[in-house]
Amino acid sequence: MNISKDDKIKLAQRIAWMAAGFALIMAVLLIANFAQTKLNKPIDNKTIPELVKRLSENPGDETLKTEIRAFDLMARKAYFTSQWQIRTGIYLMFLGVIISILAIRYILAAKSKLNEIDSVEKVNELDKLVAQKWVIYVGSGLIALALGSGFLASNSLKDYMVNENIAVQEEKPVETAVDPAIQEQASTPVDQAVPVAVPTTTENAVSSNVPAETNATVVPAATIAAKPAGLPTQAELKANYPFFRGPEGDGVAFQKSTPTDWNGAGGKNVIWKVKVPKAGFSSPIIWGNQLFVTGADAQSRVVYCYDKTTGKLLWEAAADNIEGSPAKMPKVTADTGLAAPTMATDGRAVFAIFATGDVIALDMSGKRLWARNLGVPDNHYGHGSSLIVYKDKLLIQYDTNKSGKLIALDTQTGTTAWETARNSKISWSSPILVNTGSRTEVILTTNPNVNGYDPQTGKELWNIACLSGEVGPSAGYAEGMVFAANEYAKLVGIKIGGGTPEIVWEADEFLPEVSSPMAVNGLLFIATTYGVLACYDAKTGTKNWSQEYGDAFYSSPVYADGKVYITDMTGKTHIVKASKDYQLIGTPELGEKAVCSPVFQDGRVYLRGMNNLYCLGK
Amino acid sequence: MNQLKRYFLLISVMLYGAIQSFAAEAKQRFPKPEFDTGYVQPHTTAPSPRYMLLQYFDVLVLLIVLSVVTWFVLKKRSRKGVFWTSVFSLLYFGFYREGCICSIGSIQNVVLGMVDPTYAIPFTALLFFLLPLIFSLFFGRTFCAGACPLGAIQDIVAIRPIELPKWIQKVLGLIPYLYLGLAVLYVATKSEFIICRYDPFVGLFRFDAPYNMLILGILFLAVGVFVARPYCRFFCPYGVLLGWMSKFSSRHMTITPAACIQCKLCSNSCPFGAIDEPVVETGKRRSNVNRLMTYFVLLPLWIGIGGFAGSMMHVPLSRFNQTVYLAEQIIEHPEVKNDPKNIDVRTFMSSGKSTEQLVQEADTIRRQFYWGGWLLGGFMGLVIGTSLINLSKFRKREDWEPNKTNCLSCGRCMDYCPVKKEE
Ligand code: SF4
Ligand code: SF4
Chain B
11 MNISKDDKIK LAQRIAWMAA GFALIMAVLL IANFAQTKLN KPIDNKTIPE LVKRLSENPG
71 DETLKTEIRA FDLMARKAYF TSQWQIRTGI YLMFLGVIIS ILAIRYILAA KSKLNEIDSV
131 EKVNELDKLV AQKWVIYVGS GLIALALGSG FLASNSLKDY MVNENIAVQE EKPVETAVDP
191 AIQEQASTPV DQAVPVAVPT TTENAVSSNV PAETNATVVP AATIAAKPAG LPTQAELKAN
251 YPFFRGPEGD GVAFQKSTPT DWNGAGGKNV IWKVKVPKAG FSSPIIWGNQ LFVTGADAQS
311 RVVYCYDKTT GKLLWEAAAD NIEGSPAKMP KVTADTGLAA PTMATDGRAV FAIFATGDVI
371 ALDMSGKRLW ARNLGVPDNH YGHGSSLIVY KDKLLIQYDT NKSGKLIALD TQTGTTAWET
431 ARNSKISWSS PILVNTGSRT EVILTTNPNV NGYDPQTGKE LWNIACLSGE VGPSAGYAEG
491 MVFAANEYAK LVGIKIGGGT PEIVWEADEF LPEVSSPMAV NGLLFIATTY GVLACYDAKT
551 GTKNWSQEYG DAFYSSPVYA DGKVYITDMT GKTHIVKASK DYQLIGTPEL GEKAVCSPVF
611 QDGRVYLRGM NNLYCLGK
Chain P
3 MNQLKRYFLL ISVMLYGAIQ SFAAEAKQRF PKPEFDTGYV QPHTTAPSPR YMLLQYFDVL
63 VLLIVLSVVT WFVLKKRSRK GVFWTSVFSL LYFGFYREGC ICSIGSIQNV VLGMVDPTYA
123 IPFTALLFFL LPLIFSLFFG RTFCAGACPL GAIQDIVAIR PIELPKWIQK VLGLIPYLYL
183 GLAVLYVATK SEFIICRYDP FVGLFRFDAP YNMLILGILF LAVGVFVARP YCRFFCPYGV
243 LLGWMSKFSS RHMTITPAAC IQCKLCSNSC PFGAIDEPVV ETGKRRSNVN RLMTYFVLLP
303 LWIGIGGFAG SMMHVPLSRF NQTVYLAEQI IEHPEVKNDP KNIDVRTFMS SGKSTEQLVQ
363 EADTIRRQFY WGGWLLGGFM GLVIGTSLIN LSKFRKREDW EPNKTNCLSC GRCMDYCPVK
423 KEE
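Residue numbers (this note's numbering), protein chains in the order written: chain B, 11 to 628; chain P, 3 to 425.
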């Protein structure tokens, strides 16, 4: 058989067309398949989580388990089959492309021996001149572009470093007034008996020996004198809810018959609900019949006092006209805000702090006792540490990007009783008060230290470096053991009281990021940002159980009446029995997002959501 | 010229010596993490001998392929031979070895070997870097003609090549220099292997490119039907080095096997615009010389301004560095610290480092980019300045000749020449 050259070319043409068409079909199929698998990844499958949810409600259901397994296997098989299809499809498409290209090349070669390229008109000298011109244009264009983008690009690294300097300058006026006195104290913490008067509330702050009583511009001296004398007793404190995470700041509420069932949206067991005028993430505190929260925005920082029984707003007081308070609000993130720290009270006065560094003391009727600015904290999220009161001292953990301090202010006058410089990085945790039997300590967590201080003098009692990162969780305490943890660091159990404090165990399976550890009855509870509540043996650090709820925990677990309450960010409160075995008691919903910790008083729960404050119970 | 070559060989040997001596000190780069969870560390295993052997086998294949192509181009003068060798290279280095190891990417290994004493450059990578350059120094870019899989895949699809106006070729021809400069800058700052990352064809070789790289590869091939070998001519950073070497090659291929008879038959044969035509000086001699002198005088200015512009670019340029990017992200959006899905942020958080430390580190890297920017910009200024000088230089040429820098030694033009080899 003798095939002519023309026939060969025709055949090659046909092959080229067919192969090209085949490749095109493959391409279309591939794109369709690709889109399909993009849409149906087994990991995004909606059915399985649905089934798993049903299983968690019904853990014993064997048929459901088999169903889930079968479904999972099916989804995976489907995925891998389509992966295989894509691969094979690509190979086939390429085969088509290659065949058609070879055929085309054959045709071209067969048609004429040498194919010339499509050329352009050329005039050598002129072309060179044009090319020179263009090289100059493009070269200059590149340079202009580089210069322009260089000028426009802001170097936020430099800004970050420069910003710190700016912050220093802003704070200067206050700093100069306070510093000399503070430095003296920082090295040798002065006993409360010799308080150093550092009046910062007044315009006269510069001349630091003006007595505090002259602050008449803000508060009449008479108000201060009218303050009830004496310190709150231990029993009084325990009966109320004076601090963040309860009377000792460690998450244990001494309350009975706490409710377990409510529904914020549906109104079930909602005794009252009010909208707090300004936003804030501070949890409520309670004394007697009064409940206090703070709220803030760029315009003002406000303390609100509600009637605990009815939810009626009794009074509100703005923290304004404070010497040294910044005119421009410090930059804070939305999830911290300007009013994150929880207030504190000793039953004689209430105390509040804001991200501006403003501290304010009000008497129970809302009259200002004193106010001062501690220097705007250099804090890239916003100041977060809550207040606590020991006897006649308001304790403030003031760990900023610039320095770390523990400050004690006289509750009556606001003057600095003592101030201890801390060798620490910035933190967002709050002080807790611990009675070890032999003495009372205030315990702080930060990067890298967990340390105990004498609340009377500010003297550091002990110090263990064990944390890292940006520490948000405060310490937990029970029966001679301090618990500290931070995400990406570790969880430690530290034995204090009797001998040098030392780490007796460490764990790292579940670590909290914001929520604080809470220990009670030999058990330790940890709530993580990825939605797990874990229970450890407080003595040994062995895990008793862990439960994944899925929604993040920012608020801290609180113990009350044999139960542990922990509210997740969606507003669901998971109530479990405080025991070695996991036992869910209820999961009542608030109906709005929440990051505050629940507060207990007289058989009721007070919970602050993103917008509203609720009183829940019967 | 011969002396120059000898120097190059000497430098190659010294380079190898220097890098190897660094390698001797190289220890495990990161200490093993300690786990308290009872996890047992697996033993470090050396790569299997077969794997090592395969690597040396690759070098051998490269050497053979280079020799064969060179033989086809210079001795046999056979375009067909070159073509089929390149198909073999495409199949072997491209599809079988999946585009890795590759001479183009080896630039980065070499640079890293020079700046990072803890990095031991694999011997094979070094050979892949040097062999084509050495061949090029003697015989022209025969590597491009038949050994480079990237070149081969583009060559195959070049079905209807058109000629681009000179000014477009010149302007686009600046890109490879920029690419080379950037590649070196990013390796020297230990930021990124951009040549590998943006290799448009490796995805095709492996059949599993990320979607957009696959599209880019297909795009290059589609353009390559009309604009022959677009990657080679307007992007390839290794091509720059090969071009430099090839410029000095004494045994470069010629279009005609004997004496050019000025028939002009080959003038439209090169799809890559790599044939220089005969030139006779036109225009006023004086003004030509003046222009050339001006360009010479302006050269330092180009370098200076280019360097300054490059240094100005250091902020945006350094954003492609992981650390700098992370630091900026954390400063500008501190809320990312709470994002459980952001792996980089999580890794950083778990390292226990403070934001300040991170910012410090990022700032150090950014400063490196500042000086790197000066060098890169100065280099680009030099490239632009010299390309202007080259464009206005007048060198008398009587015959049609391949431009040694740009000619890929593909051998197409040889078939057009009616002069036959004297036996
Ligand atoms: S120019 Fe670069 S990509 Fe093209 S063949 Fe040469 S080395 Fe390969
Ligand atoms: S060998 Fe000829 S056709 Fe091929 S690149 Fe060189 S000049 Fe062009």
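Among the hints, erroneous ones may be present.
Claimed, not checked - Derived coverage of chain P by chain B (criterion: at least 3 residues anywhere in the stretch with Cβ under 8 Å from a Cβ of chain B; other residues may be distant):
#, segment
1, 101-112
2, 241-252
3, 326-333
4, 389-395
Calculated from the structure, these hints are not laboratory results.
Built from N, CA and C at the ideal position, the CB exists for glycine as well.
Each hint tested on the structure:
no. : hint    : verdict
1   : 101-112 : violated (count 0)
2   : 241-252 : violated (count 0)
3   : 326-333 : holds (count 4)
4   : 389-395 : holds (count 4)
Of the hints listed earlier, those the structure fails to meet are numbers 1 and 2, in rising order.
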